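There are 2 protein chains.
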Amino acid sequence: MDYKVLGKQQLEETLASERKVFKKLQKTGRSIDMTRGRPCKEQLDLAIPMFQLLVDANFQTAAGDIRNYGMPDGLKEAREMFASIYDVRIEEVLVADNSSLSIMYDLLQFAKQFGVMGSTPWNKLPKVKFICPAPGYDRHFSICEVLGIEMITIPMLDDGPDMDMVEALVKGDESVKGIWCIPKYSNPTGITYSDKVVERLATMQTAASDFRIFWDNAYAMHTLYENDVKLKNIFDVARKAGTLDRVYQFASTSKITLASAGIAAFMASETNIADIKSKYFFKTIGPNKTVQLAHVLYMKNRENTAKIMKQHADIIRPKFEAVEAKLAEAFTDDEYVKWSKPNGGYFISLNIKSCAKRIVELANEAGVKFTGAGATFPYKLDDHNQNIRIAPTVPTVDELNVAMDILVSAIKIARMELVLEKCFSN
Amino acid sequence: MDYKVLGKQQLEETLASERKVFKKLQKTGRSIDMTRGRPCKEQLDLAIPMFQLLVDANFQTAAGDIRNYGMPDGLKEAREMFASIYDVRIEEVLVADNSSLSIMYDLLQFAKQFGVMGSTPWNKLPKVKFICPAPGYDRHFSICEVLGIEMITIPMLDDGPDMDMVEALVKGDESVKGIWCIPKYSNPTGITYSDKVVERLATMQTAASDFRIFWDNAYAMHTLYENDVKLKNIFDVARKAGTLDRVYQFASTSKITLASAGIAAFMASETNIADIKSKYFFKTIGPNKTVQLAHVLYMKNRENTAKIMKQHADIIRPKFEAVEAKLAEAFTDDEYVKWSKPNGGYFISLNIKSCAKRIVELANEAGVKFTGAGATFPYKLDDHNQNIRIAPTVPTVDELNVAMDILVSAIKIARMELVLEKCFSN
Chain A
191 MDYKVLGKQQ
201 LEETLASERK
211 VFKKLQKTGR
221 SIDMTRGRPC
231 KEQLDLAIPM
241 FQLLVDANFQ
251 TAAGDIRNYG
261 MPDGLKEARE
271 MFASIYDVRI
281 EEVLVADNSS
291 LSIMYDLLQF
301 AKQFGVMGST
311 PWNKLPKVKF
321 ICPAPGYDRH
331 FSICEVLGIE
341 MITIPMLDDG
351 PDMDMVEALV
361 KGDESVKGIW
371 CIPKYSNPTG
381 ITYSDKVVER
391 LATMQTAASD
401 FRIFWDNAYA
411 MHTLYENDVK
421 LKNIFDVARK
431 AGTLDRVYQF
441 ASTSKITLAS
451 AGIAAFMASE
461 TNIADIKSKY
471 FFKTIGPNKT
481 VQLAHVLYMK
491 NRENTAKIMK
501 QHADIIRPKF
511 EAVEAKLAEA
521 FTDDEYVKWS
531 KPNGGYFISL
541 NIKSCAKRIV
551 ELANEAGVKF
561 TGAGATFPYK
571 LDDHNQNIRI
581 APTVPTVDEL
591 NVAMDILVSA
601 IKIARMELVL
611 EKCFSN
Chain B
191 MDYKVLGKQQ
201 LEETLASERK
211 VFKKLQKTGR
221 SIDMTRGRPC
231 KEQLDLAIPM
241 FQLLVDANFQ
251 TAAGDIRNYG
261 MPDGLKEARE
271 MFASIYDVRI
281 EEVLVADNSS
291 LSIMYDLLQF
301 AKQFGVMGST
311 PWNKLPKVKF
321 ICPAPGYDRH
331 FSICEVLGIE
341 MITIPMLDDG
351 PDMDMVEALV
361 KGDESVKGIW
371 CIPKYSNPTG
381 ITYSDKVVER
391 LATMQTAASD
401 FRIFWDNAYA
411 MHTLYENDVK
421 LKNIFDVARK
431 AGTLDRVYQF
441 ASTSKITLAS
451 AGIAAFMASE
461 TNIADIKSKY
471 FFKTIGPNKT
481 VQLAHVLYMK
491 NRENTAKIMK
501 QHADIIRPKF
511 EAVEAKLAEA
521 FTDDEYVKWS
531 KPNGGYFISL
541 NIKSCAKRIV
551 ELANEAGVKF
561 TGAGATFPYK
571 LDDHNQNIRI
581 APTVPTVDEL
591 NVAMDILVSA
601 IKIARMELVL
611 EKCFSN
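These protein sequence lines are chains A and B, in that order. Numbers 191 to 616, taken from the numbering used here, label the letters of the first sequence in order. Numbers 191 to 616, taken from the numbering used here, label the letters of the second sequence in order.
Check before you lean on any hint, since a few could be wrong.
In this list, chains with the same sequence are indistinguishable; a pair is considered to hold if it fits within one copy or across any two.
As a list, the in silico DMTMM-like pairs of lysine to aspartate or glutamate whose alpha-carbon atoms are at most 20 Å apart [claimed, not checked]:
{"#": "1", "residue 1": "K570", "residue 2": "E340"}
{"#": "2", "residue 1": "K612", "residue 2": "D192"}
{"#": "3", "residue 1": "K490", "residue 2": "E267"}
{"#": "4", "residue 1": "K266", "residue 2": "E281"}
I should point out that these hints are in silico values taken from the structure, not numbers from a laboratory. Note that the coordinates shown come from a computational prediction; the quantities given were computed from them, not determined experimentally.
Only chain A is shown next, with the shape it has when bound in the complex (with noise of 0.2 Å):
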């Protein structure tokens, strides 16, 4: 609501009498993380199956024994498994480790270290710039400030990143060398890339010839209701354009099966895989194919992960529908807190100009933790102090109720503390 109406007594009235409803929360004494997102103890049970069907399967696949060295592309059932899911072909995709950013960290590394597909070493230019849209990833974001990448802020819209902006940006600086992208059920605004949006990336004019985009498809297949939001394939579009080498694509099991403890998959154009293979040569002597095989098991295909992406919507959307039922009690028709409604990923973001810091302040000081307020920014810059993400996988639904009181009741104080010293200070 706008305070200002209340004029300043009234106000500090409310403020005061908000300020007790505050504590009377703050003395449940809870303690509820919401920082990251993480799977819940029920999510993570879905996946026990899995090494049990590794045992049984007495790590044989068709092709024999995966138990000693070699495949460093990963076992072929995890390219088929993958290539499946993203509708790409297998000789389109690597699969490695856990960690997908930690392939996103590489393919970085390698870029300054060595180039890309025998390009100028990123580390012998005077600068290279990223295009990164926001708010987004903050794990994307350091790995630029780490290793000294120029981090381009731009805004992220309803249909992704605004794309007059990335033309200009591409166009006309060869120093700009990528984009960040999550382009569906985008953390941590839960929107999806319009097709317009994909065909622009795809097929838009840059500088640079090494220019990539970064397409960390991390929700491809999380969503939260059976009307999944459809995202165009980005392969589709740029290997008709001839662009394909332009896409790095990255996915991850840690929200299928394991946080952590799922497989990671890197796809791109031949000539990209043959390249970024090369530079892997020397680090590594392959995957861990055990754990490969006992996705295969688990996962199958395409439409078995979504059968089990399905038991995941039933348990997470419960906690998802709570935290909008209380942002809308509250808030609905506010025009100074905003929220998405997001349709899968991890994440709601919330909105409240100059309010962010304070409010994650608050709810720290009631034992409620979300990540820091403009960690959804490049270098932690959020201009406007407004964006807070709630990752509502882990608390139950009653931790969440609560949660959301204490987080209400922070937003309203923020608020109305603003309003006081903006307004009605001497």
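Dock chain B against chain A, hints included.
Coordinates of chain B only, in the frame set by chain A:
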């Protein structure tokens, strides 16, 4: 033997008749791979209980459920296990995924990109050099090669690297930043560093403050006989000398549990650990802890691991002895053919001056594959063209007998060809 004494004509006849022997052997049409140190099927079978133990434990440790993000240092129990096996402190251990080689690569890349504990990034130095005792492990050398680190080849003696050379090199040249060491049952010569060598390495004066010993202690538990050779603990010496920051120790279970599906460890001073963790932070959300737990449940501790390694030794000892028997039968007291009689590890190292390439080529024609001659030297430059690495663990004893007959015959042919060319050509 000294073929010169035969005179030209008799030598030509002897060579002709040996070639007939070789042709006959070649007709057996066997395909036997001795290129790399790989465990055989019977060894891999030993680890089959590992994942059943994991399933039975229901992914729980004393600290609770391990199926989620977190613990970037690795599972506490896994760190304790490596600390017990290598006699270091738990604070000095990080446990990672399946590849110690990958950790070595990462640390070198970190040093190049960011420097070591605040030193100048090696990428910014005009030259960086590593000391490479040879023959050694080809994978160490290829990391240096791809990262543009100049390799200084020095002789590997029976008690370790030539320390007079090492000391002179590190003392006088700030660009010498490291040395590769496989201190126990070295690849490929099988020797173990003497106490004196360990002490000199730990206490020598280095011009570079960011000099690091890459202590790849891969075969610490890999004795073939009851009388395990004892390697002096370099952590003890270095700790006392105040040089502990100089040591990076590596280990993996690739040849204890499953090749390429084991777990790897990095061990170093707490200062180094903090430095490396601060760099890994950006690269990964942590290792696969389910695989680590499976290992802990199976390997347990040093004592139990020694029992497991005795089972391994019982399987592979007869293979080493088959190779030894064939070489001894043909070449005892032959001053031109020398080989190692290792007490542990995975290799037998064979030296026949000026003949290695030809022998590997001949054996290959007969279906017996060895690592390319020269591979055990930096830049693949074996100046004496003499070293061949025999990896006897995968073939059966029967196959080894066939392979060794072929190798023995190939050695004789290559030596006769050489003498004919050197002494009797016009």
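Checked hints:
For the homomeric pair K570 and E340, the shortest alpha-carbon distance inside one copy (13 Å) is at most 20 Å, but the shortest distance between copies (40 Å) is not. Within a single copy, K612 and D192 get their C-alpha atoms as close as 13 Å, which meets the 20 Å cut-off; across copies the closest is 99 Å, which misses it. With identical chains, the CA atoms of K490 and E267 are at most 20 Å apart within one copy only, with a shortest distance of 9 Å there and 32 Å across copies. Taking the shortest alpha-carbon separations for K266 and E281, only the intra-copy value of 10 Å comes in at or below 20 Å, while the best inter-copy value is 39 Å.
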